[in-house]
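Engineer: As a plain string of letters, each chain reads:
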Amino acid sequence: MNGKAEKKVSGGKLIKVQLEAGEKIETMKITGDFFLHPEEKITKIEKKIIGMPSETSTEKIEQAIEQTLKKHKIQVLGATAKDFAGTITEAIKNAKQ
Amino acid sequence: MQSSEWRVIRAETRNGFENMALDEAISYFVARGKSPNTIRFYKWQPSTVTIGYFQSLWEEVNVQECLKQGVDIVRRITGGGAVYHDANGEITYSVIAKQQDFPADLTQTYRLIGDWIISSLKEIGLQAEFHPINDVLVNGKKVSGNAQTRRNKVMHQHGTILYDLDVETMFSLLKVGDIKIRDKIIKNVKDRVTSVKNECKATENELQTALINGFTEGKKFHFGETSQQELEKMEELAKKKYSSREWNYMR
Numbered sequence: 001m002n003g004k005a006e007k008k009v010s011g012g013k014l015i016k017v018q019l020e021a022g023e024k025i026e027t028m029k030i031t032g033d034f035f036l037h038p039e040e041k042i043t044k045i046e047k048k049i050i051g052m053p054s055e056t057s058t059e060k061i062e063q064a065i066e067q068t069l070k071k072h073k074i075q076v077l078g079a080t081a082k083d084f085a086g087t088i089t090e091a092i093k094n095a096k097q
Numbered sequence: 001m002q003s004s005e006w007r008v009i010r011a012e013t014r015n016g017f018e019n020m021a022l023d024e025a026i027s028y029f030v031a032r033g034k035s036p037n038t039i040r041f042y043k044w045q046p047s048t049v050t051i052g053y054f055q056s057l058w059e060e061v062n063v064q065e066c067l068k069q070g071v072d073i074v075r076r077i078t079g080g081g082a083v084y085h086d087a088n089g090e091i092t093y094s095v096i097a098k099q100q101d102f103p104a105d106l107t108q109t110y111r112l113i114g115d116w117i118i119s120s121l122k123e124i125g126l127q128a129e130f131h132p133i134n135d136v137l138v139n140g141k142k143v144s145g146n147a148q149t150r151r152n153k154v155m156h157q158h159g160t161i162l163y164d165l166d167v168e169t170m171f172s173l174l175k176v177g178d179i180k181i182r183d184k185i186i187k188n189v190k191d192r193v194t195s196v197k198n199e200c201k202a203t204e205n206e207l208q209t210a211l212i213n214g215f216t217e218g219k220k221f222h223f224g225e226t227s228q229q230e231l232e233k234m235e236e237l238a239k240k241k242y243s244s245r246e247w248n249y250m251r
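Quick mapping for you: the protein sequence lines, in order, are chains A and B.
Per my numbering, the first sequence starts with residue 1, numbered consecutively.
Per my numbering, the second sequence starts with residue 1, numbered consecutively.
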């Protein structure tokens, strides 16, 4: 099932998540007008989350993203791991409806 | 802090693919010590929409409308939002320099270059202020948006200074949500965004001069041109990367 969600982060940047989820998160794309460095590493975050069970808690998703940010020395301006996790969870919720 | 003299390239007009390609070409040669730290000013012909690295092209842009109006669409290597670069409405700058010559902190660098913009606007009688993360405001409204990337030990920041804003055209080209609340959104934008022309009587030439002064204040610099190497690299990148579907429709 397809799910979409978007979140306006305080300060003005927008995060959008589009995914396909059944029992697991099958595909996911994060878009938006935030800044992330190095830019190409956005795919590391996506790859980390893809394959996780759809039932995964927001906290666990947030943790996984934090881990990825640390591991790959990724810096984000205009959004936090929590913001991404919250938007992903909402997209999953929307995929079920 | 400065390890070399700045090269300043005065405003040149190119299409969007070439403008983005030239930024990358200059970065390429600065990384290899073959080009000096550079400040360049530029304009766009035809008018162009650029989108941030992380944006989805078809979600952000009315592709059909751009085609109809002869407006190009290009993805930037920098993050940030969708920008309408009006051929008659703005001046864009790029600062491309060795990373070691700028603060390690991204936000501090936005602020530093923001100060150059504020200084430029002061020269034409405008009181501007920096608004984190990456905006400069006049009377509480955005007059400049900026985006930065760091690759291969090169700091590259580019940004726009709005000279004249055509809100209606901008909204015909960018997808801004529900068409039913389009009028409300347009009014909202006019409350949040402004242009130099809207705020004072300075001409575009006066703005260009003020920008050169604001950006070079306190610096050792010379006026220069793009090198043959840079132009060749630009042609290659414009053709193979920036005008490719693969790049522009990446997300």
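Bear in mind the hints are in silico, worked out from the structure with no lab data behind them.
Hints may be right or wrong, so weigh each one.
[Claimed, not checked] Residues from chain B that face chain A, not an exhaustive set, calculated with beta carbons under 8 Å: (1) ALA31; (2) GLY33; (3) GLY79; (4) GLY125; (5) MET170; (6) ARG245; (7) TRP247; (8) ARG251.
Note that CB positions come from ideal geometry on N, CA and C, so glycine has one too.
Engineer: Would you mind marking each hint as holding or not holding in the structure?
Structural biologist: Against the structure, the hints come out as follows:
1. For the restraint placing ALA31/B at the interface with chain A, the shortest Cβ-Cβ distance is roughly 14 Å, beyond the 8 Å limit, so the hint is violated.
2. Proximity of GLY33/B to chain A is violated relative to the hint, the smallest CB-CB distance being about 21 Å (cut-off 8 Å).
3. Interface restraint check: GLY79/B against chain A, minimum CB-CB distance 4 Å, threshold 8 Å, status holds.
4. About 28 Å separates the beta-carbon of GLY125/B from the nearest beta-carbon of chain A, more than 8 Å, and the hint is not met.
5. Nearest Cβ of chain A to the Cβ of MET170/B: about 15 Å, over the 8 Å cut. The hint is violated.
6. A cut of 8 Å between beta carbons decides the hint on ARG245/B: the least distance to chain A is about 17 Å, and the hint is violated.
7. Checking TRP247/B against chain A: minimum C-beta separation of about 13 Å lies over 8 Å; hint violated.
8. Hint status for ARG251/B relative to chain A: holds, with the closest Cβ pair at about 5 Å, below 8 Å.
Of the numbered hints given earlier, the model fails hints 1, 2, 4, 5, 6, 7; all others are met.
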